Amino acid sequence: MTIINGMGAFMAYSKEDWNAAMDSEVFREYLKAELQKEAMPKPEPQPIDKAQVLEEFVEFEKKVLSTPKMKMAFMALQQKFRTDPEYTAKVDPSFVEGVMLLNLSGEQE
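Counting in the UniProt record's numbering, the sequence shown runs from 1 upward without gaps.
By construction, these hints were calculated from the structure, which means they are not laboratory data. Source: prediction; values computed, not measured. A couple of the hints might just be wrong.
Dumping the calculated SDA-like pairs for lysine to any residue here, alpha-carbon to alpha-carbon at most 25 Å [stated by the list, open to error]:
hint : residue 1 : residue 2
1    : 63        : 45
2    : 42        : 54
3    : 37        : 63
4    : 63        : 75
5    : 62        : 21
6    : 80        : 95
7    : 63        : 102
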């Protein structure tokens with residue numbers, strides 16, 4: 001039997017190796033628990049409440065605007081994202097989008 005370990009390497013196990021593992025009560029209990037975990041239904045993702053997300057974003061934006069250090073940090077990030085596409089490509093796209101959505105001028109749109 002050939003199994004790929006966690007590092008991607010192939011390891012060959014003989015029938016004797018498998019039989020020895022199956023003789024181990026600890027291994028059998030581990031295998032049983034893992035199979036039960038796999039058989040459990042996966043929970044369905046909760047629907048996103050867009051109104052709540054918007055409210056939380058607006059609250060965060062207010063917090064950033066009221067804290068000079070945070071405002072400067074996010075302004076610097078926005079500038080970096082605008083001017084350095086290589087850096088921007090290395091950052092989680094949803095984070096970049098969120099930072100760029102911040103209205104740091106303090107003006108209502």
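Going down the list of hints, with the structure as the test:
1. 63 with 45: Violated, at about 29 Å.
2. 42 with 54: With Cα atoms ~28 Å apart, residue 42 and residue 54 exceed 25 Å; violated.
3. 37 with 63: violated (42 Å)
4. 63 with 75: holds (14 Å)
5. 62 with 21: It is violated: about 59 Å lies between the C-alpha atoms, which goes past 25 Å.
6. 80 with 95: holds (13 Å)
7. 63 with 102: Answer holds: residue 63 to residue 102 is near 11 Å, not above 25 Å.
Hints 1, 2, 3 and 5 from the earlier list are contradicted by this structure; the remaining hints agree with it.
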